[in-house]
Amino acid sequence: MSLDRTEVEKIAHLARLQINDADIPAYAQNLSNILALVDQMQALDTQAIEPMANPHDATQRLRADRVTETDQREQLQAGAPAVENGLFLVPKVIE
Amino acid sequence: MHTKTLAELSRGLAAGDFSSTELTQSYLTRIQTLDSQFNSFITVTADTALAQAAAADQRRAAGDADPLSGIPLAHKDIFCTRGVRTSCGSKMLDNFVAPYDATVIEKFNAAGAVSLGKTNMDEFAMGSSNESSFYGAVRNPWNRDCVPGGSSGGSAAAIAARLAPGATGTDTGGSIRQPAALCGITGIKPTYGRVSRYGMIAFASSLDQGGPMARTAEDCALLLNCMAGFDPKDSTSIERAVPDYSATLNDNLDGLKIGLPKEYFSDAVDPRIATAVQAAIKELEALGATIKEISLPNTQLCIPAYYVLAPAEASSNLSRFDGVRYGYRCANPVDLEDLYKRSRGEGFGAEVKRRILIGAYALSAGYYDAYYLKAQKIRRLIQQEFVSALNEVDIIMGPTTPHPAFRIGEKSNDPVAMYLEDIFTLSVNLAGLPGLSTPVGFAGGLPVGLQMIGNYWSEARLLNVAHRLQQATDWHQQSPATI
Chain E
248 MSLDRTEVEK IAHLARLQIN DADIPAYAQN LSNILALVDQ MQALDTQAIE PMANPHDATQ
308 RLRADRVTET DQREQLQAGA PAVENGLFLV PKVIE
Chain P
121 MHTKTLAELS RGLAAGDFSS TELTQSYLTR IQTLDSQFNS FITVTADTAL AQAAAADQRR
181 AAGDADPLSG IPLAHKDIFC TRGVRTSCGS KMLDNFVAPY DATVIEKFNA AGAVSLGKTN
241 MDEFAMGSSN ESSFYGAVRN PWNRDCVPGG SSGGSAAAIA ARLAPGATGT DTGGSIRQPA
301 ALCGITGIKP TYGRVSRYGM IAFASSLDQG GPMARTAEDC ALLLNCMAGF DPKDSTSIER
361 AVPDYSATLN DNLDGLKIGL PKEYFSDAVD PRIATAVQAA IKELEALGAT IKEISLPNTQ
421 LCIPAYYVLA PAEASSNLSR FDGVRYGYRC ANPVDLEDLY KRSRGEGFGA EVKRRILIGA
481 YALSAGYYDA YYLKAQKIRR LIQQEFVSAL NEVDIIMGPT TPHPAFRIGE KSNDPVAMYL
541 EDIFTLSVNL AGLPGLSTPV GFAGGLPVGL QMIGNYWSEA RLLNVAHRLQ QATDWHQQSP
601 ATI
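For the protein sequence lines, the chains are E and P, in the order given.
Start counting the first sequence at 248; every next residue gets the next number (the working numbering).
Start counting the second sequence at 121; every next residue gets the next number (the working numbering).
Hints were generated in silico from the structure; no laboratory data involved.
On a predicted model such as this, the values are computed, not experimentally measured, just so you know.
Where hints are given, some of them may not hold.
Claimed, not checked - Here are some of the chain P residues that sit facing chain E, going by a computed Cβ distance under 8 angstroms:
1. Ser435
2. Gly443
3. Arg449
To be verified - In the DMTMM-like style, the derived pairs of lysine to aspartate or glutamate whose C-alpha atoms are separated by at most 20 angstroms in a straight line are:
4. P:Lys211 with P:Asp374
5. E:Lys257 with P:Glu457
6. P:Lys402 with P:Asp594
7. P:Lys353 with E:Asp318
8. P:Lys377 with P:Asp514
9. P:Lys531 with P:Asp265
10. E:Lys257 with P:Glu471
11. P:Lys377 with P:Glu359
12. P:Lys124 with P:Asp155
13. E:Lys257 with P:Asp458
14. E:Lys257 with P:Asp442
15. P:Lys402 with P:Asp371
16. E:Lys339 with P:Glu383
17. E:Lys257 with P:Glu466
18. E:Lys339 with E:Glu321
19. P:Lys353 with E:Glu316
20. P:Lys211 with P:Glu471
21. P:Lys353 with E:Asp312
22. P:Lys377 with P:Glu512
23. E:Lys339 with E:Asp318
24. E:Lys339 with P:Asp594
25. P:Lys382 with P:Glu505
26. P:Lys402 with P:Asp390
27. P:Lys211 with P:Asp458
28. P:Lys412 with P:Glu383
29. P:Lys402 with P:Asp374
30. E:Lys339 with P:Asp442
31. P:Lys402 with P:Asp514
32. P:Lys353 with P:Glu466
33. E:Lys339 with P:Asp364
Stated by the list, open to error - Derived coverage of chain P by chain E (criterion: at least 3 residues anywhere in the stretch with Cβ under 8 angstroms from a Cβ of chain E; other residues may be distant):
34. 420-432
35. 499-513
The beta carbon of each residue, even a glycine, is placed where N, CA and C say it ideally should be.
Isolated chain E (complex conformation) (with noise of 0.2 angstroms):
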């Protein structure tokens, strides 16, 4: 499976990622080698296989709905990059 430029642009975009236009022909280069090294796995037949998530078959483990944690914003917001009021600041979304 190759990939090209357009479907590199394309992840990229889902992924959030700034690609520099120059380097995306070595990023599909790369991401092909590695794609044609995953398609190995259709050389086999899993149809009957039930896909594996977790080592032991784990399910979520749940707790009972009791409020439990301390406020610790201030203390948790000191390292944000820009914060007013509380709130993490970004650049506007809304016009």
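With chain E held as given, fit chain P onto it using these hints.
This is chain P only, laid out in the frame that chain E set:
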């Protein structure tokens, strides 16, 4: 003092041969003098270390000391340490000071251990050579032109260079075992769910596991006793009693059945590695073990399955690094999309970006079944194959890696060539089984590791077998001539 093992240091502290303050200062001086040759530390926490050492000495004087009280340790920079930079080897977190301690760190603090600092690693734990770190490559103390392995390369190099008697590492596809093998030390990746992942920056959530690295199995047992245990803050942590791993180290090996998969002894393995591994297995036979040749036919498929699943999980885990709440933010973002794309594009290195892209592709509409679901099915097959084999034998053994440490730069232009070196370690993470690497010789002056894979929750047995082997050999006592 630096020539002693962690266990010997623990006994020395208990006997009053030296204080933790002396011991800690001695390691800090060694790091300051020698680490520029290896680049194994990203952050050295000298003041805190000395304060912790003084506190440990006081506790000991008051009659209150545990085996790890006052023992200096190094922690892979993937574990959150409150008030201390936690970079994960990345520009993305170069400015990140963790506001809390990982559970593993809390446990070591409670045991009175001393933290020397944070060790270098492949960026976001993605790599097998420690070349992808934002802070530069780590050099193998056995040959500085060679890699120490990765991603826990800093921890492995620090121990090999005697800059710390023990360290923490993490292992998603081999990142404890492979650097342990390449640096001639001992390391164990526990069963998935044995050690809490709370505060351990996530790479691939169904594969990641933290574990100890040190010179000997005896040392690793002491460390694992502290690290292991159920943690309600980690929803994948398994509730199961932790045995005393030190108590059974000397159990005899009569009747131990060792399985040797023929796929682990192919022509692809450096013959010097095969020879060293076979010699070690002979030692185990002399100690009472029996050998059985087995087959794990799906071994080769662990590579494509892992290189779909791990990047897919990583693409999800790393989506939190968006320049909004912590970490690197690009300068002058024009809008939100620009903020995300440039913070991530500039903050992440090339290998991380490659894996996020592969992961996103494998999960995207139209490709999910062919890649992600397919890989999960292969994961099931690989796990079943192991479980089946472990019904017939107690421990599966083979080389940890097909080759000894390669030269820095040799494989960094060919990601796929690098991935192929992981062939013996990846499937252990896919299955969630415990795996250990122990030194068994040298190939051209570079260390060789033997890997032991046990059934779920058999860490005690793995450490026991490695300890008995270490009592009969002295590979684990070797140090690089330059140290």
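Checklist entry - Which hint numbers does the structure go against, in order from smallest to largest? => result 4, 11, 16, 18, 23, 24, 32 and 33
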